[in-house]
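There are 2 protein chains.
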Amino acid sequence: MRDYTDIILSRRVEGPPRGELLAHDYASINVFFYPETVALIGASGKPGAFSHEMLRNLATRFKGKVYAVNPKYKEILGVPSYPSILDIPDPVDLAVIAVRAQRVPQALEEAGRKGVRGAIIVAGGFAETGEEGKRLQEAIVSIAKRYGVRIVGPNCIGVYNAVNGLDTFFLPPEKMRRPPKGYIAVVSQSGAYLTTMMDWLSSEGVGIVKAINIGNKADVDEAEIIGYYASQEYVRAIMVYMEGVSPGRGRALVEAVRRARDNGKKLVVLKGGKTSYGARAAKSHTAALAGDYAVFSSILREAGAVVAETPTEFVDIAKALSFMGHLEPRGRRVLVVTNAGGPGVLATDELSRRGLALPQTPRDAVEELSKLLPPIVALGNPVDLTGQASDEDYQLVLEKLAGRSEFDSLLVIAPVQPATMTIRVADIIADTVWRVKKPATVMTIGADYGELVKEYLDSRGIPAYPLPDRAAYSLWALMEASKPLCNMAKPSNPPGMAVELVEKALKEGRNKLLEHEALELLEHYEVPVAPYCLAKTPDEASACAEKIASNRLVAKIVSPDIIHKSDVGGVLLGVDPAKAREAYDTVIRRARAHAPDARIVGVLFQAEAPKGVEVIVGSRRDEGFGPIVVYGMGGILVELLRDFSIGLAPTSRCRALEMIRETKSSKLLEGYRGSERKDIDSLAEAITRISRITAEIDSVKEVDVNPIMVYEKGVLAVDARVIIA
Amino acid sequence: MRDYTDIILSRRVEGPPRGELLAHDYASINVFFYPETVALIGASGKPGAFSHEMLRNLATRFKGKVYAVNPKYKEILGVPSYPSILDIPDPVDLAVIAVRAQRVPQALEEAGRKGVRGAIIVAGGFAETGEEGKRLQEAIVSIAKRYGVRIVGPNCIGVYNAVNGLDTFFLPPEKMRRPPKGYIAVVSQSGAYLTTMMDWLSSEGVGIVKAINIGNKADVDEAEIIGYYASQEYVRAIMVYMEGVSPGRGRALVEAVRRARDNGKKLVVLKGGKTSYGARAAKSHTAALAGDYAVFSSILREAGAVVAETPTEFVDIAKALSFMGHLEPRGRRVLVVTNAGGPGVLATDELSRRGLALPQTPRDAVEELSKLLPPIVALGNPVDLTGQASDEDYQLVLEKLAGRSEFDSLLVIAPVQPATMTIRVADIIADTVWRVKKPATVMTIGADYGELVKEYLDSRGIPAYPLPDRAAYSLWALMEASKPLCNMAKPSNPPGMAVELVEKALKEGRNKLLEHEALELLEHYEVPVAPYCLAKTPDEASACAEKIASNRLVAKIVSPDIIHKSDVGGVLLGVDPAKAREAYDTVIRRARAHAPDARIVGVLFQAEAPKGVEVIVGSRRDEGFGPIVVYGMGGILVELLRDFSIGLAPTSRCRALEMIRETKSSKLLEGYRGSERKDIDSLAEAITRISRITAEIDSVKEVDVNPIMVYEKGVLAVDARVIIA
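Order-wise, the sequence lines are chains A and B.
Counting in the working numbering, the first sequence runs from 1 upward without gaps.
Counting in the working numbering, the second sequence runs from 1 upward without gaps.
Among these hints, one or two may not hold up.
Note that identical chains are pooled: a pair holds if it fits in a single copy or bridges any two copies.
[Claimed, not checked] Capping the alpha-carbon separation at 27 Å, the derived lysine-lysine pairs in DSSO-like fashion look like this:
1. K283 / K400
2. K565 / K667
3. K512 / K565
4. K371 / K134
5. K701 / K713
6. K74 / K283
7. K565 / K611
8. K46 / K400
9. K283 / K371
10. K283 / K490
11. K579 / K134
12. K134 / K181
13. K483 / K65
14. K504 / K565
15. K400 / K65
16. K400 / K72
It should be emphasised that the hints constitute simulated quantities derived from the structure, not laboratory data.
Just so you know, these numbers come straight off a predicted model, no measurement behind them.
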């Protein structure tokens, strides 16, 4: 394989051999982007057929060797054609298999025997169509494994590499534009959405360097592609469109995103199938299980990606990240300069809605500027130069303010519509931005002049947009993509007694811990629990009351066979400790009366926890991401209003604190309306400990601690449910 | 004044004299759009000066007479110029005043003497700059009143009318494109944002017929312009950009929006200054008080406008409304047809997020189509024809499904990128849509072919977009703009005893009703109240207990001087009715001890209301909109999570039911998690009654009923606070 090195804007850069640039894990992906020799199996001789157009792209633009495989021809479009890949005289690196689904296994088998290292499988008709297709997909995966061939697809359009002209997309240029060369690398689960983006990026003048469509992702998936892109010198921004995380591949995805972030790449992710209707559509499309969007978006954000909510945002944000992703903003304070009031207001609304701050212009600067500018200029932030502004006014204001330490980034609104404005303002903006080296976006418009200004700014690496909201959220994304991340926590060895407890229950054939066991599990993880005690006799009940030493107790029946304890009268509140024995009898008697066949373990006595702020911490296994932790305020309303936060488990202390802050209801903990601030540190500690349970003990499927009381000092877990398997 | 009639796409339509088409209220606006003679006061002879460019537009494009006013010239650009407007030999309808702020009063005075009926005042430097400017603005308003001249501005760029070429925007065409003629009329508070929109609409190929910028709106405001547009035959969609409602003008705005809706116009509104930073920016820009965005958007929606959240949405939605606003969808069920999986998924997500439904394709149609289409096609909804789809497949599916009664609207995703697709698909889509006459939007892309398809569809009145989210939310807007509206309630005469109660308190110099008075006020409005009784002696306390006949009472000190009753020990819960006398003494003694100087009226006894779902209903006066009502769930969390709804007061029963449904927490009332459904009808009734209080009694400023308990049958108001002035 040749030593290709990414080049950008026709600048060729010599680098070390490709192999050394690649991390070991992602090395096998390289063949899809840098093959020396490609064979197109099923190349058609008929113009218009997709495999003919594909061959045309390969024959005319790819800087490597190309062979066709089709027994009907000796040559197509000047490319030699052979009856089988096995007949090709040269070694082949990459096979592009463009035959019908039923004929793929044979083609792949032969490609394997030929020694290819990668195969792109184009045909649909696999797992996305149902059971039969799923079996066919499994069959090709097993052939690929046998020969050590990596697969991209099936149900995909393959690969585009601006560096070496490799382009298996079978759309002719008059139907799909190719964007200019640029710093973006794309991975898309959907082929049709990728071709839409290629066109849209082109018409927006935004460049890309590589793109790949992975379709049903029978083998290669987003995680590997992102990891590969992370190693590519000339990638600055990575666009990821996905409809679902393959089972068990969520952690690899998170690691790849973190790896890319560590290597200075910025990521923007768009998910299809956010809603239930959307998920239904996704499933029939690329067989993706859409999963829960709240989980997906929370965890991708935690890993450091910007999550776009719409296709429009997706491309706009990618543009900003690829132009300016190498500038690391120090904070969230924006300076807005405008000559257009309305657009200034609208941009400010959008910045503000996304949590950015617009500090007032420093007083000394206001004083200085007010002497130099007409009185009609508003010198707050936004600085509104009004429709009478000239290029010189922009120069003056940007010179005085852009470099000030009070501002971390710049949003310049500069429609060139007024007669007083010229295209020179573009130079002024670009010179300033690259002098002060702060992230910046620009909104500009103004007929043909506006387009000139926009294109000139883009060409100097300043992302410009025609509408204020788009400039504003793209600036936000520059901050979001650079926000400091919490370190990931690692699972430790679980406490031996916790494992024993779970194993004992499993041995007894149970799929749930009993109340006292669940509380004991929390105690093994050092989560503070409201004092409790299991009584198996009336005497033990009295002893329990004494041990707990609280003046109000709760008594609950403990039985593996009774689910709804209140329904059988199995719960007593406000029990006087002096009457624990009677409470024991009452609870047992009622349970026996209502459920005569239930096995009864005893009665759990617990101290009534003092009233605090009630929160919920749960931990469960997501099909894609594995153990996750969910935090929210207690009570039925929060569930309806969906005010909760989600993190990977185990959760670091830093991330637990972030999760608490992410909920709107966290204000209740911070001392709302004159109430005292609650012990947020202890709560964060409890979240990290609970998150470890599912992360460290494989057989624990779900932990729900509901409620945990949060006090001014300390927390107390009151009730817990633990599902095991 | 000439009898102009709007023409569209160069089709001239004869109609009745303009005067008859106009409602009386809005007739005076006509002069701004259809003057026979215009005088430009302050026209400059210097190319590049804004008043020179303005004159060029008027001289070259306006189909009426134009005069310049400038003592330095006899003629500018071939237009005769006079020292004063008073020297012009003809009568003048409209004066465009383009002199500096300080010189405006004199120019307006002369225009008034000349007998003009309207004046556009361009200069800034009025209320948006502070106190001095505000006085200047008041001065010109009083001159205008004296002469019966209507004013547009100050701080504005005036008027654009595609019908007669009137164009006071002073930007030359190479700096601001003029959109094609179309069915949209625009009113914008911001001039710079209007010029941005003019350009953006042009580059999107969306036509407009009229536009006006009203700046500081010293006289003419949005309400009058909307009302005027409502009377215009060739207006189908109205775009409104505003930053704030002028004090007291909210009702006029609502009436104008309703009037436009009644006349079959569709409205889309964008507000600047939604956030606190944005509001700060708006204030320095057009002196707008931004107000509360939740109030603004709720009330505009209630009146029947679509509220856009971003500038991008604003223009996209206006396009759809102007193309298809005359088709009234019957419901919210969408059929999606696509050849592109990813874009289909993304469009579906956006539709779903906005509350539209995608019912499954009817079984009989699936059976029929499955025989005619390849097995790879997914026939659910979206119908995914896959990347191999041809024009004929679209034809087949649209023929069978588009007219089905199961679907109310269509979203067609038809990128023409695949080789199997041609531009003929545009004909197929357009023919189908105009045959079935259902609202439809299209997403298409595909290099130059894609642009051809988009432009062709647009020219046939089918709104097409290059990205799926934009096509999806524009389709949503077509439903939203046609949703059935609740009738507006009208205030009645307030109950005489309610008025007496409030007047008595006012006479005593109080700005708040006492507890028992507030409850009595509710009773006068027939809101069910938990039984209560005021005791002024221990004997009366016993009598009260007997009268209330509840076995648990609350006792509260009643004093105009004690605000925080609990702090002085002035509240007792769980009072035994047999011990009412003792409770009376305790409350009085504690109050005296803590607040020896407080005037004490007595002790309020009230039955403890049984536990129900706690809600809050408040009514207050908004500076712009007047009396409004706010509904939400009780408790501190709902406030943090902002889950409440807002309506105009008085509120109709229909609207009250809608307001309840608009909150997420309303699920608690509908029987959540096995609890019984609560009495939503009685709650709606209580909301309407409480809303009437501020709407009918001018001196009531604020009513807060917190909580109201909602039961399976009936509701009970427990506590109320009433502010008067």
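**Report entry** Structure versus earlier hints, numbers of those that do not hold, lowest first
**Finding:** Violated: hints 5, 6, 8, 10, 11, 12, 13, 15 and 16.
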